[in-house]
Amino acid sequence: MTDASPSRTSRRARVRAPQLTGKGGWLNTGGKQYTLADLRGRIVILDFWTFCCINCLHVLDELRELEEKHRDTVVIIGVHSPKFVHEAEHQAVVDAVERYGVEHPVLDDPELATWKQYAVRAWPTLVVIDPEGYVVAQHAGEGHAHAIERLVAELETEHAAKGTLRRGDGPYVAPEPEPTVLRFPGKALALPSGNFLVTDTTRHQLVELAADGESVVRRIGQGSRGLTDSTWVRARFNEPQGLALLPDGSVAVADTVNHAIRRFDPESGQVTTLAGTGYQWMQGEPTSGPAREVSLSSPWDVAWWQGRLWIAMAGVHQLWAYDPAEDTVAVTAGTTNEGLVDGPGPEAWFAQPSGLAGTADRLWLADSETSALRWVDLDGAVHTAVGTGLFDFGHRDGAAEQALLQHPLGVTALPDGSVAISDTYNHALRRYDPTTGEVSTLATDLREPSDAVLDGDEILVVESARHRLTRLRLPEEAVRVESVAHRTQRAATEVAPGELKLDVIFQAPAGQKLDTRYGPSTRLLVSATPPGLLITGEGPGTDLNRTLTLNEAFTEGVLHVSAMAASCDDTASNSGSAAGANEYPACHVHQQDRGVPVRLTEGATDRLPLVLAGMDDRDA
Numbered sequence: 018m019t020d021a022s023p024s025r026t027s028r029r030a031r032v033r034a035p036q037l038t039g040k041g042g043w044l045n046t047g048g049k050q051y052t053l054a055d056l057r058g059r060i061v062i063l064d065f066w067t068f069c070c071i072n073c074l075h076v077l078d079e080l081r082e083l084e085e086k087h088r089d090t091v092v093i094i095g096v097h098s099p100k101f102v103h104e105a106e107h108q109a110v111v112d113a114v115e116r117y118g119v120e121h122p123v124l125d126d127p128e129l130a131t132w133k134q135y136a137v138r139a140w141p142t143l144v145v146i147d148p149e150g151y152v153v154a155q156h157a158g159e160g161h162a163h164a165i166e167r168l169v170a171e172l173e174t175e176h177a178a179k180g181t182l183r184r185g186d187g188p189y190v191a192p193e194p195e196p197t198v199l200r201f202p203g204k205a206l207a208l209p210s211g212n213f214l215v216t217d218t219t220r221h222q223l224v225e226l227a228a229d230g231e232s233v234v235r236r237i238g239q240g241s242r243g244l245t246d247s248t249w250v251r252a253r254f255n256e257p258q259g260l261a262l263l264p265d266g267s268v269a270v271a272d273t274v275n276h277a278i279r280r281f282d283p284e285s286g287q288v289t290t291l292a293g294t295g296y297q298w299m300q301g302e303p304t305s306g307p308a309r310e311v312s313l314s315s316p317w318d319v320a321w322w323q324g325r326l327w328i329a330m331a332g333v334h335q336l337w338a339y340d341p342a343e344d345t346v347a348v349t350a351g352t353t354n355e356g357l358v359d360g361p362g363p364e365a366w367f368a369q370p371s372g373l374a375g376t377a378d379r380l381w382l383a384d385s386e387t388s389a390l391r392w393v394d395l396d397g398a399v400h401t402a403v404g405t406g407l408f409d410f411g412h413r414d415g416a417a418e419q420a421l422l423q424h425p426l427g428v429t430a431l432p433d434g435s436v437a438i439s440d441t442y443n444h445a446l447r448r449y450d451p452t453t454g455e456v457s458t459l460a461t462d463l464r465e466p467s468d469a470v471l472d473g474d475e476i477l478v479v480e481s482a483r484h485r486l487t488r489l490r491l492p493e494e495a496v497r498v499e500s501v502a503h504r505t506q507r508a509a510t511e512v513a514p515g516e517l518k519l520d521v522i523f524q525a526p527a528g529q530k531l532d533t534r535y536g537p538s539t540r541l542l543v544s545a546t547p548p549g550l551l552i553t554g555e556g557p558g559t560d561l562n563r564t565l566t567l568n569e570a571f572t573e574g575v576l577h578v579s580a581m582a583a584s585c586d587d588t589a590s591n592s593g594s595a596a597g598a599n600e601y602p603a604c605h606v607h608q609q610d611r612g613v614p615v616r617l618t619e620g621a622t623d624r625l626p627l628v629l630a631g632m633d634d635r636d637a
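For the sequence shown, my numbering begins at 18 and goes up steadily by one.
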């Protein structure tokens with residue numbers, strides 16, 4: 018369902034907001050527990066997120082400016098709704114809130130109680146509640162900060178006039194900083210000097226450690242968010258992650274939240290930008306070209322392989338590469354659809370590739386959201402060694418076809434041709450041997466390992482949640498662990514077999530309209546796992562409504578739905594002038610890629626509404 022007309026407060030459906038409940042309690046409130054009644058008079062924005070989700074991390078950054086600008090009227094509450102078993106652990110949520118610099122209250126909801134009360138179907142989802150306690154808007158996916166900013170201004174005006182707006186300090190209480198040498202380090206690299214370089218992610222720095230892996234030689238960067246090219250003292254980063262040694266002895270840095278690749282020269286101490294504009298890549302933008310003129314999206318790791326710097330582009334589920342000879346970047350594999358599909362690079366699907374390691378004939382990668390170990394061959398084709406898809410994970414050794422990982426973030430090539438996997442949410446270091454096809458466990462009792470680097474016959478593991486590098490001797494025999502398998506606890510949506518009406522709800526925000534001057538401004542792409550689940554309705558299109566036919570031979574599966582809508586400022590409604598008075602109005606892209614688990618049940622609903630922006634009128 019689409020609606021190109023601007024919404025107005027007088028036309029909003031008034032739906033009472035359900036209470037906020039979460040077994041894990043509240044974070045960032047100084048120990049105080051809150052109810053919606055305590056927040057009456059404030060504009061409340063619920064951010065349903067989970068810390069494994071790159072789109073959720075994008076939204077955290079999108080909201081920072083709004084959060085600061087409207088701190089006396091708006092209360093943002095993160096409702097942490099886990100996908101993986103590890104994310105249901107309270108301490109893991111505490112760590113994530115600090116790791117990603119969340120500066121608002123967070124409700125830890127490990128059993129998805131509030132998620133279900135608000136009928137949320139996707140990470141991330143934003144719900145806006147007015148000062149009287151009514152839900153007035155819902156947005157799924159990224160790119161909605163501008164629309165919410167307009168809505169907040171409208172609500173401030175309306176409720177100030179009614180006397181129902183309450184200004185003042187919010188409930189956020191900053192936690193006490195911890196005096197550790199590293200704080201949630203991301204990746205590590207052995208330097209030619211014998212020292213180690215580590216991304217100190219939460220402190221927005223690189224740290225050079227001595228050969229012992231503990232003593233600090235120097236810190237690179239000011240330690241505050243920013244994108245500044247300068248000397249090692251004055252440079253600035255924004256949650257850097259991956260590192261790769263370049264042939265000239267310099268280091269490439271995946272500067273994740275800056276959406277850039279930086280270069281650090283250990284000899285001169287200079288930091289420069291190799292690739293990226295500092296802005297997040299959005300659908301429709303160039304996917305190749307001069308390196309510093311093409312936007313990137315949350316690069317998480319980098320690796321030098323086959324004469325190019327390969328980039329794990331977690332933000333758009335792709336692999337890119339930087340060509341130093343041409344000073345260009347380009348997509349090398351992936352469609353931007355999230356999932357696990359092998360084949361030629363342009364046809365493959367990834368899900369947050371987060372770790373890379375190159376060998377003579379393979380580029381290994383940790384594909385975190387599918388809990389998979391995958392690799393690219395010399396012809397650019399993509400293969401899967403371990404992993405089955407978005408919703409199956411666990412800790413199981415043995416034959417690769419049935420082995421399980423849980424959200425791995427790192428991969429390291431070992432001297433014998435096998436690879437070590439930083440199996441992050443299993444707190445383990447795993448090993449895959451391509452010769453035997455077997456998966457084993459090298460070490461357990463780590464804490465969110467995110468990378469590992471070889472040092473002779475030892476390996477240094479980046480224990481991110483213990484804020485250190487941990488030195489291990491590579492064992493001759495694997496550790497035996499009890500086999501555990503999981504599926505995401507997110508409930509499947511029951512739908513009727515046969516025809517299913519898919520409705521993506523998008524209502525252009527106030528002061529905006531769909532701009533069709535250059536063709537359709539909406540896009541919908543649908544597919545399914547397993548592929549046979551969909552008889553009809555698969556593929557791309559420009560209409561946000563579509564009738565699907567589900568195969569009755571299947572009892573369950575996943576519908577992959579990618580929706581995008583572009584809305585532009587309506588100059589007529591903003592200025593009273595004739596439409597088109599501003600030839601180049603500001604435009605905003607709203608997009609959401611989601612996997613919807615479905616269970617085919619006779620007598621269940623034959624309609625699947627997915628909110629991109631707005632409210633589903635049938636629920637009002």
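Incorrect hints may have been included.
To be verified - Straight line, CA to CA, 27 Å or less: simulated DSS-like cross-link-like pairs of lysine-lysine: (1) K86 x K49; (2) K133 x K518; (3) K133 x K40; (4) K40 x K179; (5) K133 x K49.
Worth flagging that the hints you see were computed from the coordinates, not collected in a lab.
Comparing the hints with the structure gives:
no., hint, verdict
1, K86 x K49, "holds (24 Å)"
2, K133 x K518, "holds (22 Å)"
3, K133 x K40, "holds (14 Å)"
4, K40 x K179, "violated (36 Å)"
5, K133 x K49, "holds (24 Å)"
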